[in-house]
Amino acid sequence: AAGVIQSPRHLIKEKRETATLKCYPIPRHDTVYWYQQGPGQDPQFLISFYEKMQSDKGSIPDRFSAQQFSDYHSELNMSSLELGDSALYFCASSPRDRGFLTEAFFGQGTRLTVV
Amino acid sequence: AQTVTQSQPEMSVQEAETVTLSCTYDTSESNYYLFWYKQPPSRQMILVIRQEAYKQQNATENRFSVNFQKAAKSFSLKISDSQLGDTAMYFCAFHNTGNQFYFGTGTSLTVIP
Numbered sequence: 001a002a003g004v005i006q007s008p009r010h011l012i013k014e015k016r017e018t019a020t021l022k023c024y025p026i027p028r029h030d031t032v033y034w035y036q037q038g039p040g041q042d043p044q045f046l047i048s049f050y051e052k053m054q055s056d057k058g059s060i061p062d063r064f065s066a067q068q069f070s071d072y073h074s075e076l077n078m079s080s081l082e083l084g085d086s087a088l089y090f091c092a093s094s095p096r097d098r099g100f101l102t103e104a105f106f107g108q109g110t111r112l113t114v115v
Numbered sequence: 116a117q118t119v120t121q122s123q124p125e126m127s128v129q130e131a132e133t134v135t136l137s138c139t140y141d142t143s144e145s146n147y148y149l150f151w152y153k154q155p156p157s158r159q160m161i162l163v164i165r166q167e168a169y170k171q172q173n174a175t176e177n178r179f180s181v182n183f184q185k186a187a188k189s190f191s192l193k194i195s196d197s198q199l200g201d202t203a204m205y206f207c208a209f210h211n212t213g214n215q216f217y218f219g220t221g222t223s224l225t226v227i228p
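So the protein sequences, as listed, match chains A and B. Residues 1 to 115 in this note's numbering are what the first sequence lists, from first letter to last. Residues 116 to 228 in this note's numbering are what the second sequence lists, from first letter to last.
Take the hints with a grain of salt, since some may be wrong.
[Claimed, not checked] Some but not every residue of chain B turned toward chain A, in silico, with C-beta under 7 Å:
no. : residue
1   : R158
2   : Q159
3   : M160
4   : L162
5   : F179
6   : G213
7   : Q215
8   : F216
9   : G221
10  : T225
To be clear, the hints were calculated from the coordinates, so they are not data collected in a lab. Where a beta carbon is used, it is the ideal one built from N, C-alpha and C, also for glycine.
Make the full structure from the sequences, and use the hints.
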C-alpha cells in the first residue's frame with residue numbers, strides 16, 4: 001500500500017541557508033500536517049492543511065512557511081536556518097470519518113542538520 | 116486546550132512479561148480519538164492502537180490492548196507477552212475535530228531479554 005513519502009530523507013544545511021522539505025500524502029487523504037521532533041523530544045505540531053487550505057497553525061516560526069499544491073503534495077520552506085532547527089521533520093496525512101481524523105499516517109521523516 | 120500527559124518517562128519489562136503504559140488527557144470535548152504510536156530507534160512513527168471515545172469497548176490489537184476510562188480521562192496501553200521488538204518510545208496522542216494531533220511527551224520502553 002502507498003505510504004506518505006517525504007524527501008529528502010537527510011539534509012545538511014549551513015546556518016542562514018534555506019531548505020525545502022517535500023511531502024507526498026497518501027492518495028485521497030485530505031489532511032496533511034507537519035511536525036518537528038527535536039532530539040529526545042515529542043513531536044511538535046507546526047502546521048496543517050485541509051483540502052489545500054491552511055487549517056491549523058502551531059509553533060511554526062515566522063521563518064518557516066508551508067503550502068499544499070493542487071496535487072496535494074506539501075512543501076515546508078525554511079529560511080535563515082538556525083542550529084536549533086536541527087530536528088526530524090515529519091509529514092503525516094489522514095483520511096476522515098464523519099469529520100474526524102481517524103489516524104495519522106506518518107512519513108519516515110526528513111532529518112535536517114544545520115551546521 | 117487539549118493536553119496529553121505521560122507520567123512515565125522510562126519503563127522496562129522482562130521479555131514475555133506484561134507492561135502497562137499510562138496516559139491521561141484533558142479535554143472538554145465529548146467526541147474524540149485516542150492513539151498510541153510507537154517510535155522505534157529508526158524513528159518511524161507507527162500506529163499501535165486507536166480508541167474512539169464514543170465506544171465503551173476497549174480496543175485490542177493482538178498483544179496490545181487499552182484501558183480507556185473516559186470519566187477519568189485515562190488511556191493506558193497494555194502490552195502482553197513483551198517482545199524485544201517492542202523496545203521503542205511510545206507516544207499517547209489525542210485528536211478531536213481540529214486538524215492536529217496532540218502528543219504526550221513519550222515513554223521509553225525497554226524490553227529486557
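Now for the hints, and whether the structure bears them out:
Interface restraint check for R158(B): the shortest CB-CB distance to chain A comes to about 6 Å, inside 7 Å, so the restraint holds. Hint status for Q159(B): holds, given a least beta-carbon distance of 6 Å to chain A, under 7 Å. The closest approach between the C-beta of M160(B) and any C-beta of chain A is roughly 4 Å, which is under the 7 Å cut-off, so the hint is satisfied. For L162(B), the interface hint holds, since its Cβ comes within 7 Å of a Cβ in chain A; the closest pair sits about 6 Å apart.
A cut of 7 Å between beta carbons decides the hint on F179(B): the least distance to chain A is about 15 Å, and the hint is violated. This hint holds: G213(B) has a C-beta 6 Å from the nearest C-beta of chain A, less than the 7 Å allowed. About 5 Å separates the beta-carbon of Q215(B) from the nearest beta-carbon of chain A, less than 7 Å, and the hint is met. Hint status for F216(B) relative to chain A: holds, with the closest Cβ pair at about 5 Å, below 7 Å.
About 5 Å separates the beta-carbon of G221(B) from the nearest beta-carbon of chain A, less than 7 Å, and the hint is met. A hinted interface residue such as T225(B) counts as satisfied when its beta carbon comes closer than 7 Å to some beta carbon of chain A; here the least separation is about 15 Å, so the hint is violated.
Comparing the model with each earlier hint shows violations of hints 5, 10; every other hint is respected.
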